[in-house]
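**Q** For the protein sequence lines, the chains are Z and X, in the order given. If you're matching positions, the first sequence starts at 5 in our numbering and goes up one per residue. If you're matching positions, the second sequence starts at 2 in our numbering and goes up one per residue.
If you are wondering where the hints come from, they were derived from the structure by calculation, not from laboratory data. One or more of the hints may lead you astray.
Derived pair list, reagent style DSBU-like, types lysine-lysine, alpha-carbon separation capped at 30 Å [what the hints assert, rightly or not]: (1) Z:K285 <-> X:K6; (2) Z:K290 <-> X:K6; (3) Z:K43 <-> Z:K257; (4) X:K6 <-> Z:K282; (5) Z:K179 <-> Z:K285; (6) Z:K43 <-> Z:K77; (7) Z:K192 <-> Z:K282; (8) Z:K321 <-> X:K39; (9) X:K6 <-> Z:K161; (10) Z:K285 <-> X:K63; (11) Z:K248 <-> X:K39; (12) Z:K179 <-> Z:K290; (13) X:K6 <-> Z:K257; (14) Z:K318 <-> Z:K282; (15) X:K63 <-> Z:K255; (16) Z:K321 <-> Z:K139; (17) Z:K248 <-> Z:K161; (18) Z:K192 <-> X:K39; (19) Z:K192 <-> Z:K43; (20) Z:K322 <-> Z:K255; (21) Z:K76 <-> Z:K179; (22) X:K63 <-> Z:K76; (23) Z:K107 <-> Z:K192; (24) Z:K192 <-> X:K63; (25) Z:K161 <-> X:K63; (26) Z:K192 <-> X:K6; (27) Z:K318 <-> Z:K71.
Take a look, some chain Z residues computed to stay more than 10 Å from chain X by CB distance [stated by the list, open to error]: (28) T30; (29) D37; (30) V41; (31) G78; (32) A205; (33) G235; (34) D263; (35) N279; (36) F357.
A virtual CB, placed ideally from N, CA and C, is assigned to each residue, including glycine.
If you want the building blocks of each chain, they are given just below.
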Amino acid sequence: MLSSTIRGIKIAGVASAVPNTKVDNTEYNNVFDEETVRKTIESTGVRSTYHSVGKQTASDLAYSAAKDLLDKKGVDPAEIGILLFVSAHHDYIAPATAFVIQKQLGIPEDSMVFDINLGCSGFVYGLQVGASLLKNCVTRKALILFGDSSSRVVSPKDTSRLLFGDSGAALLLEKTEDDSDIMSFGLKSDGTRFNEIYVPAGGFRHINGSHELKMEEDGRERSDYHSHMNGTNVFVFSVTDVPKLVREFMKDKGISSDDVDMLFMHQPNLFIIKNLLKKLKFPEEKAPMTIDRYGNTSAVSIPITMCDHYGENKDGKKNMLLLGFGVGLSWGVADVTIDTEDILPVIMTDYCFEDGLLDD
Amino acid sequence: MTNEKKLELIEETFDVEPGTLAPETELESIEEWGSLTKLSLIVMLDDECGKTINNDIIRSLKTVQDIMDLMEQ
């Protein structure tokens, strides 16, 4: 475990956004057979997700969450010195999507702007990188954005389609120079398992991949541009490696589940969530879930669950464990304190940036 | 772990009545041997035997005895 502790930085705001279009999973009864749909809903716990339509991307949703956060917190974009976009779903091969968002938000040139390519572990990593950079730069605020367009990379003939939703989130970090503001992290990465979750084509390794749907070993049809996942091995990772990290982290910090007010964890599917909670000995009432209404929203799972839980119901300052895990493979846990007044309700948007570049 | 205890744990994992399974029972003949049961088996082997298995091992399993053998190692 790579440990780190960062003092004098606080989480000053969290916001999340989903597209306007809600997809009820029973709508898939005419794509897959009804029994398969019923069983998938039952085992994954996902009843509905939100899907982008037209050209709306992960960055449009992340931008919308950021705009909502800056407006409601009364923060001038000129105060932001660091802008990161954490996502596996970028707008272009180049430049980094964060620049496209910088233009829209009006963040000044005297800033550091780049992307981090991570999925379901991304919230914990984005927070760590953002807070580390803020600690060492001459600026007072950082904006870390997260976005996911999974509905675009899952094959229409793959029942995983029922699982993934599109979303965006924004996190505002502020320098306080108060040493009682502490964040702790435990991070792990395993590149030997890089191909447990992957999209083979679309980058430079397989630049001429096939768009044709092919029947694969697991009985699902996909093209080279669709997401591939070894479900069994990723499940094993989620219920063995992930709880092991949490136990190591909590032992290292000398804390037990009694010391933690809330656990906000990535929402992969209900079966994994329940198994993980059992293994971690965390009661369900301390671990809010949104998998039923938003599906698996990758890096946005953690902030969207916070916004869903505290957006309308404030409850003072809370000590929280944040737990993300997924593509990489990458997994991380964080111990933070957030004032629930700073957590905004989830918004819905059909916002889409018009770049005017291609007539497609 | 005794064979009786192993069978009991396997039956619990498969969510079938006690006494339903025997070592020679072929997994494909068990209605409950679906993807969720396979995942529950992974959790049981980790919890009860401290054993982590992967997709290849799951695919190689043919009978209840194969699972019992895994619990032994």
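**Q** Work down the list of hints and note, for each, if the structure agrees.
**A** Going through the hints against the structure:
1. Z:K285 <-> X:K6: 25 Å, holds
2. Z:K290 <-> X:K6: The hint is violated at about 34 Å.
3. Z:K43 <-> Z:K257: 40 Å, violated
4. X:K6 <-> Z:K282: Holds: X:K6 and Z:K282 sit about 22 Å apart, inside 30 Å.
5. Z:K179 <-> Z:K285: 34 Å, violated
6. Z:K43 <-> Z:K77: 43 Å, violated
7. Z:K192 <-> Z:K282: With a Cα-Cα distance of about 22 Å, the restraint between Z:K192 and Z:K282 holds, given a limit of 30 Å.
8. Z:K321 <-> X:K39: Cα-Cα ~41 Å, so violated.
9. X:K6 <-> Z:K161: Violated, because 42 Å separates the two Cα atoms, which is more than 30 Å.
10. Z:K285 <-> X:K63: Outside the cut-off at roughly 33 Å; violated.
11. Z:K248 <-> X:K39: 21 Å, holds
12. Z:K179 <-> Z:K290: Distance of about 29 Å is within 30 Å: holds.
13. X:K6 <-> Z:K257: 38 Å, violated
14. Z:K318 <-> Z:K282: 27 Å, holds
15. X:K63 <-> Z:K255: 40 Å, violated
16. Z:K321 <-> Z:K139: Answer holds: Z:K321 to Z:K139 is near 22 Å, not above 30 Å.
17. Z:K248 <-> Z:K161: Cα-Cα ~35 Å, so violated.
18. Z:K192 <-> X:K39: The given pair, whose Cα atoms are some 27 Å apart, holds under the 30 Å limit.
19. Z:K192 <-> Z:K43: Distance ~33 Å between Z:K192 and Z:K43 Cα, so the pair is violated.
20. Z:K322 <-> Z:K255: Status holds; Cα separation ~20 Å.
21. Z:K76 <-> Z:K179: At roughly 19 Å apart (the allowed maximum being 30 Å), Z:K179 and Z:K76 satisfy the hint.
22. X:K63 <-> Z:K76: 59 Å, violated
23. Z:K107 <-> Z:K192: 33 Å, violated
24. Z:K192 <-> X:K63: 35 Å, violated
25. Z:K161 <-> X:K63: 29 Å, holds
26. Z:K192 <-> X:K6: It is violated: about 36 Å lies between the C-alpha atoms, which goes past 30 Å.
27. Z:K318 <-> Z:K71: Between Z:K318 and Z:K71 the Cα gap is close to 21 Å, so the pair holds against 30 Å.
28. T30: 20 Å, holds
29. D37: It holds; Z:D37 is separated from chain X by about 15 Å at its closest Cβ, greater than 10 Å.
30. V41: 15 Å, holds
31. G78: Given a closest Cβ separation of 47 Å, the condition holds.
32. A205: Since the minimum Cβ distance to chain X is about 23 Å, Z:A205 lies beyond 10 Å and the statement holds.
33. G235: Check fails; 8 Å does not lie beyond 10 Å.
34. D263: Holds, because the least Cβ-Cβ distance between Z:D263 and chain X comes to about 25 Å, which exceeds 10 Å.
35. N279: 6 Å, violated
36. F357: 40 Å, holds
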